[in-house]
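There are 4 protein chains.
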Amino acid sequence: MLSIAVIGAGRIGQIHASNLAARASERGDLKIFGIADAVDAAATALAARVGAPVVTAEAALASPDCNAVLIASPTDTHADLIEQAARAGKAIFCEKPVDLSAERIRAVMGVVKDSGVPLFIGFNRRFDPNFASLKARIDDGQVGDVELVTILSRDPTPPPVSYIERSGGLFRDMMIHDFDMARFLLGEEPVEVHAVGSSLVDPAIGAAGDVDTAAVLLRTASGKIAQISNSRRATYGYDQRVEVHGAKGLLRAGNIHETSVELATGGGFTADPVQPFFLERYAAAYRLELDAFLACARGEKAPSPDGEDGLKAQLLADAATAAAQSGQPVRL
Amino acid sequence: MLSIAVIGAGRIGQIHASNLAARASERGDLKIFGIADAVDAAATALAARVGAPVVTAEAALASPDCNAVLIASPTDTHADLIEQAARAGKAIFCEKPVDLSAERIRAVMGVVKDSGVPLFIGFNRRFDPNFASLKARIDDGQVGDVELVTILSRDPTPPPVSYIERSGGLFRDMMIHDFDMARFLLGEEPVEVHAVGSSLVDPAIGAAGDVDTAAVLLRTASGKIAQISNSRRATYGYDQRVEVHGAKGLLRAGNIHETSVELATGGGFTADPVQPFFLERYAAAYRLELDAFLACARGEKAPSPDGEDGLKAQLLADAATAAAQSGQPVRL
Amino acid sequence: MLSIAVIGAGRIGQIHASNLAARASERGDLKIFGIADAVDAAATALAARVGAPVVTAEAALASPDCNAVLIASPTDTHADLIEQAARAGKAIFCEKPVDLSAERIRAVMGVVKDSGVPLFIGFNRRFDPNFASLKARIDDGQVGDVELVTILSRDPTPPPVSYIERSGGLFRDMMIHDFDMARFLLGEEPVEVHAVGSSLVDPAIGAAGDVDTAAVLLRTASGKIAQISNSRRATYGYDQRVEVHGAKGLLRAGNIHETSVELATGGGFTADPVQPFFLERYAAAYRLELDAFLACARGEKAPSPDGEDGLKAQLLADAATAAAQSGQPVRL
Amino acid sequence: MLSIAVIGAGRIGQIHASNLAARASERGDLKIFGIADAVDAAATALAARVGAPVVTAEAALASPDCNAVLIASPTDTHADLIEQAARAGKAIFCEKPVDLSAERIRAVMGVVKDSGVPLFIGFNRRFDPNFASLKARIDDGQVGDVELVTILSRDPTPPPVSYIERSGGLFRDMMIHDFDMARFLLGEEPVEVHAVGSSLVDPAIGAAGDVDTAAVLLRTASGKIAQISNSRRATYGYDQRVEVHGAKGLLRAGNIHETSVELATGGGFTADPVQPFFLERYAAAYRLELDAFLACARGEKAPSPDGEDGLKAQLLADAATAAAQSGQPVRL
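Chains as they are written, first to last, in our numbering: chain G, 1 to 332; chain A, 1 to 332; chain Z, 1 to 332; chain C, 1 to 332.
These aren't lab readings, by the way, just hints derived from the structure by calculation. One or more hints might be untrue.
Each computed EDC-like pair below joins lysine to aspartate or glutamate, with the alpha-carbon atoms no more than 16 Å apart [stated by the list, open to error]:
| id | chain 1 | residue 1 | chain 2 | residue 2 |
| --- | --- | --- | --- | --- |
| 1 | C | LYS312 | C | ASP202 |
| 2 | Z | LYS248 | A | ASP202 |
| 3 | G | LYS248 | C | ASP202 |
| 4 | A | LYS248 | Z | ASP202 |
Computed footprint of chain C on chain G, listed as stretches where at least three residues anywhere in the stretch have a Cβ under 8 Å from a Cβ of chain C [claimed, not checked]:
| id | region |
| --- | --- |
| 5 | 150–157 |
| 6 | 198–206 |
| 7 | 223–231 |
| 8 | 234–244 |
| 9 | 248–259 |
| 10 | 320–331 |
Over 10 Å on every C-beta distance to chain A, these chain C residues come out as not near it, computed from the model [what the hints assert, rightly or not]:
| id | residue |
| --- | --- |
| 11 | SER25 |
| 12 | ASP65 |
| 13 | VAL201 |
| 14 | THR235 |
| 15 | THR270 |
| 16 | ALA271 |
| 17 | VAL274 |
| 18 | ALA284 |
| 19 | ASP318 |
| 20 | ALA322 |
| 21 | GLY327 |
All residues carry an ideal CB built from backbone N, CA and C; glycine is no exception.
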């Protein structure tokens, strides 16, 4: 029996808990140990919804009946929780980022390594069926050597400035997913980071010291190039596109429209907006990511993405933040 | 508490039972009364999967704790089960068709009417989010008066001849869904049916007296026209397309590809095949259809599609069968 | 030197004369003998535009310097002109239809046969690069045996009723192109014609005894099926689509949008309307059709489509007209 | 009468001369003064094809009957020819670039300014109907303020190394078009240029000191961002895409496929490769560009793009070349 505690009952914790409950209903060897959240009402509501008890993180970590933890609490609690869970011998799923400080991530990884538990980092996009299929086709050699990767990510609307202020900035909070995707698709580590950022969407974001529109250029040691662009606002939905230009061809994965309906009139042919945000766009990705973690927790395979992936993406985000501020590229 | 017995644990019964279990896990006022099937092992396996007891249809109908039945047993049992369920005062969901004989359907409808219970017929495609959205836009006037409806349905591979032999023929077994869709989109009853059919896919189907490739022309009293074409075999997936030409424009709903990935090489730009068959293509439709039935069973709305819709589609299928055999159109 | 007289300086004559002039400017062995039209001003204007003399049809046919005629005059003059040109030994290009009477067409074909001149009929759509490519892929076996052909043609706006009245009706005037396309794609002669037609677009068309919305079902001796639908009005442009379902797959050729630009907003993703009408949509087809005729006139290849193709399409149009009026299918 | 000398009878000169001849055949007030080329045979062949005399550049510039020159000779002759033509009072169309040295361009522009003749620079892509329509929609406010511009250009195959060696490098030879497009779409001057380049396609290009794969980040004073990426090789055709993300939405213009035909089989849905290279892709752009120049030569409007546009694009290309070599961004 694999018994998993969900720590954090917010938006992401709810997704994981629902997916866990659905998987548990399908097989007899999986259950939710309990739901923990610093806010009692949040834990209680989610626990009721998925038919699991309310627990504390401490109790979960202390219980020999709990084998694994799924950490979806606020970012500033991740590092401590991972260390505690590692020392308690639990398999660990942690939402990105492990921490906003690369130094702290390295320390956490040391603890995890010493403990020997698997640490799985929630870069959910790798599990999106479209991006996963694209990656499988790269690995299958369908486009030959990868040369140029282009990633476009646009959120539908900017978060509140209060969120922006404690987010670590666009490169660490939003583009971190794209850094992970770039590494995933390039199959090589970027060694050079150029970045530009502007506040064009909401002046309050600029006033808070962050940017809402940004673009990055990455280069690997062998000369492969990746381009990433982000905007905090897209009127037409959550824009998530990837393309890979290789020696033998091009692979791309586009957006998913809300329906397949098209209306043709004198004004043209109109298709639906794309799926509004990550809950819809990555619903399947969250399910498949959880399955991958379950396989790790059962010892069937090594975690991927792991702490090293979390660290590498964070280092790229740090480099981009510094590059955008200084106007000079950063070498890694 | 709404307690629903699932009668029939085959492919379709499994879909409905899983969807019922998922909905039941989300709300406290819904449960599966039990799973019934003439084959014990089928009932037992499905019951275990959804955490419900094995029951007999008779026991379910006799129990005051069972409020509704979901009939997914073989076609030749539908009519009797509906009548028994109606007399027992249960809300009824029945998979299409009610019966292969229009006469028998009329008799069943009389019993249902006398009993006052809701009878909901499982024309699942009306609930597909794409087709439902298209229909909503017709009703919203986006293309003005409907003039020409085009429906293309292609199965990926023909069923075994043993299935064909007791299916009632392509028009009743496969095109029945398209007749319902044509009525749904035309918003008017067809009064004239032209049909041609051929056996081009599998000579054994022709030898069994059926066709595997067919097309139909329908006309309503006001002159609206619908075209339907079917094939029992499509190499590229389950092809399900609808388009509506109206006075102000065109609405169409296309297929859903397996992923959004596209590969470009010297050979061209290749997208994935479309979703392979109805389990994938209509997964959302089955869920939404069930929700519509639950609302009927709770008395919140009238059943739609109802027995009358089942009868009308069957009459069109009968007319097309006769028209294809005689080579002469049938007037209704 | 190939010297070609253009008879008829209307809309279609202008297209052909311009294409002839462009080809003539590229090679030394081709010229326009002259432009003839019953309306002097029309002949004069077109002659000036393409740098050719004004002539009469009689003079052209009588001149040994004229080798070929391109007949784009009103339909009721076609048959006589073809016969005269054939007797004068000229290679002949004639716009469809040869005549509205199949009997008359047969007589004309006899004269042409006796004379030994090539007669090329202007079914321009066969030369559209998209449809020609689709046909080449059928012939290449890419979809195996053809089973189901679907043709959708929609004009942007209905012609004036005065035109409708002398047009021979929708099946002969508009759907004739689709009958030719169906024969082209089926690779077999239809033997059974079902047709329905309605006046939904403009009541004045119905009052004039014609239909503006129609659909046809064709079946060949071996059981292949074709579906055609027509409307005299499409708000979104000139809709010209073809698809062929075969044993090994599906081939389709879609519309061409005015530009490749797409606008995405909260209202969705909007592409341009499709090309407005045949001048734009079939510009390349007219050029390539002319090249094919020039090769015939030079004796390099046999005419295709020829008089037989013109006759066969006309017989299908006649059959559809009768079928729509009687409500009974017509066997050929 | 506008009489234009074409100087240079190579690939681009041939396009312009053919378009001039076609336009001249349509109106009485335009003619080709003559064709000049350092290689006699080239001038003779092209002159024969378009029905114009062979001339020398000197004779054309000296003749009072010649009003304008169209310069399509090798790059290193452009600057001198522009100055001579300006001093001779001729309207000037010059293919990009004016010169590989920005200093030299400035000197040329001084001469042009003093002479008062119009100087039109051949950035043909601005006249592509797709890109022109996209730009018109930006100007129409359809996406609000422009924030992020993404330009992807990929040639089908790299040119010979002998060409590369005297090309000025990828940024000046190939990406120059994209720099002009970025300026066109941004509506603001970039002030910061980041660039990375690699030789991934052909090691001989790297050995010649150039790159074949490159990406650039531009930022304007107000913070707008543009991303450009280039590759010298694309297996699937000539890839030319542009997209503009603005405050109110997204505009994009995609590639044009060779035909609209799609083949669906078990392997997926395959569309044609995109048009192979610039002759096909920009055929309409060259025609429309010429019309724009003719309007300038007739004094009907000011040249656009003009020498200033040529200079600005060159300065961006110089900056990108320096940035890629140094690894440091260049401020303008």
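Here's how the hints hold up against the structure:
1. C/LYS312 to C/ASP202: The given pair, whose Cα atoms are some 30 Å apart, is violated under the 16 Å limit.
2. Z/LYS248 to A/ASP202: holds, 13 Å
3. G/LYS248 to C/ASP202: This hinted pair holds, its Cα atoms lying about 13 Å apart.
4. A/LYS248 to Z/ASP202: Holds. A/LYS248 to Z/ASP202 sits at ~13 Å (cutoff 16 Å).
5. 150–157: holds (count 3)
6. 198–206: Satisfied; 4 residues make the cut.
7. 223–231: holds (count 6)
8. 234–244: holds (count 4)
9. 248–259: Held - the region 248–259 of chain G has 3 residues with a Cβ nearer than 8 Å to chain C, which meets the minimum of three.
10. 320–331: Since three or more residues must qualify, the claim that chain C covers the region 320–331 of chain G holds, with 3 doing so at under 8 Å.
11. SER25: Label holds. Min Cβ-Cβ 37 Å, cutoff 10 Å.
12. ASP65: For C/ASP65, whose nearest Cβ neighbour in chain A is about 49 Å away, the distance exceeds 10 Å, so it holds.
13. VAL201: Holds, since 15 Å exceeds 10 Å.
14. THR235: violated, 5 Å
15. THR270: violated, 5 Å
16. ALA271: violated, 5 Å
17. VAL274: violated, 8 Å
18. ALA284: holds, 22 Å
19. ASP318: holds, 33 Å
20. ALA322: holds, 33 Å
21. GLY327: Non-interface label on C/GLY327 holds, nearest chain A Cβ at 32 Å vs cutoff 10 Å.
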